[in-house]
Amino acid sequence: MSDAALDAIDWPPAWPRVLDPEFGPPTPGDYRASPEDFRVDEVLDFVPEGEGEHLWLFIEKRDQTTAMAARELARLCGASPREVGYAGMKDRVAVTRQWLSVQLPGREAPEGLAEALGERGIRVLDQGRHPRKLKRGVHRANRFRLRITGAAVGDPALEVRWARLVEQGVANVFGPQRFGPGGRNLLRARALLARGWRKRDDRDGMLLSAARSFLFNEGLAERIRDGSWHRLLPGEVAILDGTASQFTVELPDAELEARAARLDLHPSGVLWGVGDSVAVGEARAREARLPERYPGLCGGLERAGVRLARRALRLRLAEPELATGEDELWLSFTLPRGAFATGVLRELIAHPTL
2 MSDAALDAID
12 WPPAWPRVLD
22 PEFGPPTPGD
32 YRASPEDFRV
42 DEVLDFVPEG
52 EGEHLWLFIE
62 KRDQTTAMAA
72 RELARLCGAS
82 PREVGYAGMK
92 DRVAVTRQWL
102 SVQLPGREAP
112 EGLAEALGER
122 GIRVLDQGRH
132 PRKLKRGVHR
142 ANRFRLRITG
152 AAVGDPALEV
162 RWARLVEQGV
172 ANVFGPQRFG
182 PGGRNLLRAR
192 ALLARGWRKR
202 DDRDGMLLSA
212 ARSFLFNEGL
222 AERIRDGSWH
232 RLLPGEVAIL
242 DGTASQFTVE
252 LPDAELEARA
262 ARLDLHPSGV
272 LWGVGDSVAV
282 GEARAREARL
292 PERYPGLCGG
302 LERAGVRLAR
312 RALRLRLAEP
322 ELATGEDELW
332 LSFTLPRGAF
342 ATGVLRELIA
352 HPTL
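Under my numbering, the first residue of the sequence shown is numbered 2, with each subsequent residue one higher.
These are computed hints drawn from the structure, not numbers from a lab. A quick note: this is a predicted structure, and the numbers were derived from the prediction, not measured. Don't be surprised by glycine CBs; every beta carbon is placed ideally from N, CA and C. Treat the hints with caution; some may be incorrect.
What the hints assert, rightly or not - Estimated spans, in silico, between C-beta atoms of each pair:
1. E329 - R199: 27 to 33 Å
2. E23 - A110: 28 to 34 Å
3. E109 - R232: 43 to 49 Å
4. P111 - D227: 56 to 62 Å
5. R83 - L241: 33 to 39 Å
6. E120 - A259: 53 to 59 Å
7. D227 - V48: 43 to 49 Å
8. V139 - P22: 21 to 27 Å
9. A259 - G79: 56 to 62 Å
Unchecked claim - Calculated pairs, DMTMM-like style, for lysine to aspartate or glutamate (alpha carbon to alpha carbon, straight line, at most 20 Å):
10. K136 - D42
11. K134 - E109
12. K200 - E303
13. K134 - D64
14. K136 - E54
15. K134 - E50
16. K134 - E54
17. K136 - E50
18. K134 - E84
19. K136 - D46
20. K134 - D46
21. K136 - D64
22. K136 - E52
23. K134 - E52
24. K136 - E223
25. K136 - E84
26. K136 - D203
27. K200 - D42
28. K134 - E73
29. K136 - D205
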């Protein structure tokens with residue numbers, strides 16, 4: 002499959018689900034009929050220190066992106082958008098809670114800031130001063146609470162599928178929102194990488210991220226198809242659950258296989274870029290197929306200077322809960338930063354956007 006074949010892909014692509022070989026495809030269902038059906042709480046391991054030139058605000062927003070809320074905060078504070086920080090991008094069609102920061106050196110926040118934000122659908126729940134700007138990726142996790150409706154709610158197989166995900170984990174797929182409607186972000190990334198990536202054309206790195214995410218999903222899809230997405234291959238780079246610690250497994254032994262079965266550690270895939278992979282043997286040979294299939298994307302990322310990184314192929318569902326009601330079902334779970342709740346939903350219900 003060449004890079005040109007991207008034009009023929011229907012979006013979202015038919016990447017395989019891990020549960021289908023055992024249970025068949027899921028029953029159709031609905032989610033996110035309203036923002037209140039999709040709730041996300043950002044989890045930080047620290048709080049503002051109480052002093053410093055940055056004002057941190059813990060906000061609740063409804064039906065707007067993090068970037069929209071950040072721009073509004075900058076405008077009301079008379080600050081540059083570059084002086085506003087946040088740890089992660091949260092969904093638009095949702096009710097989400099997260100921290101934002103704005104740099105206010107030597108001055109107080111504008112009078113009535115919380116009220117002005119409230120008029121724009123951004124509720125301030127807490128605030129405090131801190132010496133530093135809030136940086137991307139410093140949050141530990143996100144807590145999700147999702148409402149499912151439709152035919153899937155009455156299908157007993159949904160709860161069986163959920164129990165299996167809790168037991169064996171879920172594939173750490175990048176969700177379709179990463180690629181934009183109809184895969185637009187990926188197609189724009191391909192065009193930009195072909196002519197040479199420049200920061201001024203992709204200031205937030207969104208297009209670079211779309212290309213890397215697609216390549217990761219392609220590698221993960223191959224592992225799902227052959228059933229090795231949750232097992233350690235010879236030469237695998239294992240990632241310890243809940244951490245960034247990783248090590249190369251030249252040959253899995255019984256102890257490592259048992260730890261993988263307990264979800265203590267996970268196999269990993271490559272986020273393409275410049276640098277030498279620490280995978281060896283069979284695992285490295287699999288990674289080498291990506292530039293063979295997508296030379297334009299892989300070569301463009303290397304020329305852009307993106308550093309090679311790794312991402313776990315599997316996730317543990319932390320604090321899982323399932324509650325049933327009349328014609329509805331609520332799921333609650335915590336995922337590490339960078340993980341997509343839609344990756345969980347696609348294993349449980351059939352929906353055109355998943």
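Status of each hint after checking the structure:
Checked against the hint of 27 to 33 Å, the pair E329 and R199 fails, with Cβ atoms roughly 48 Å apart. For E23 and A110, the hinted distance range of 28 to 34 Å is not satisfied, since their beta carbons lie about 54 Å from each other. Look at E109 against R232: about 56 Å separates their beta carbons, and that is not inside 43 to 49 Å. With their beta carbons about 58 Å apart, P111 and D227 fall inside the hinted range of 56 to 62 Å.
Checked against the hint of 33 to 39 Å, the C-beta distance between R83 and L241 comes to roughly 35 Å, which is consistent with it. Our hint of 53 to 59 Å for E120 and A259 holds, since their Cβ atoms are close to 56 Å apart. Distance hint check for D227 and V48: the Cβ-Cβ separation is about 45 Å, which falls inside the suggested range of 43 to 49 Å. The beta-carbon spacing between V139 and P22, approximately 38 Å, falls outside the hinted interval of 21 to 27 Å.
Range check, A259 to G79: Cβ separation about 58 Å, and the 56 to 62 Å hint holds. For the suggested pair K136 and D42, the alpha carbons sit about 17 Å apart, so the restraint of at most 20 Å is met. In summary, the hint linking K134 to E109 is supported, as the alpha carbons are separated by about 16 Å, within the 20 Å threshold. With a CA separation close to 14 Å, the supplied pair K200 and E303 stays within the 20 Å bound.
About 25 Å separates the Cα atoms of K134 and D64, which puts this hinted pair outside 20 Å; it is violated. Only pairs whose Cα atoms come within 20 Å are accepted, and K136 paired with E54 is accepted, the gap being roughly 15 Å. Proximity of K134 to E50 is assessed by CA-CA distance (about 12 Å); at most 20 Å being required, the pair is judged to hold. Restraint check for K134 and E54: satisfied, since their Cα atoms lie roughly 9 Å apart, inside the 20 Å limit.
Using a Cα cut-off of 20 Å, the hinted pair K136 and E50 holds, with the two alpha carbons roughly 15 Å apart. Of the pairs offered as hints, the one joining K134 and E84 holds, with about 8 Å between alpha carbons and a cut-off of 20 Å not exceeded. In summary, the hint linking K136 to D46 is supported, as the alpha carbons are separated by about 13 Å, within the 20 Å threshold. The suggested pairing of K134 with D46 holds, with an alpha-carbon distance near 16 Å, which does not exceed 20 Å.
The straight-line distance between the Cα atoms of K136 and D64 is roughly 23 Å, outside the 20 Å bound, and the hint therefore fails. Our distance criterion of 20 Å between C-alpha atoms is met by K136 and E52, whose separation comes to about 17 Å. Between K134 and E52 the CA atoms are separated by roughly 12 Å; this keeps the pair inside 20 Å, and the hint holds. Proposed proximity of K136 and E223 is contradicted: the alpha carbons are some 34 Å apart, above 20 Å.
This hinted pair checks out: K136 and E84 have alpha carbons roughly 11 Å apart, not beyond 20 Å. For the hint pairing K136 with D203, the CA-to-CA distance comes to about 19 Å; that is within 20 Å, so the pair holds. A C-alpha spacing of about 31 Å is found between K200 and D42, which places the hinted pair above 20 Å, so the restraint is violated. Of the supplied pair hints, the one linking K134 and E73 holds, its CA atoms being roughly 17 Å apart against a limit of 20 Å.
Only pairs whose Cα atoms come within 20 Å are accepted, and K136 paired with D205 is accepted, the gap being roughly 13 Å.
The structure shown violates the earlier hints numbered 1, 2, 3, 8, 13, 21, 24, 27.
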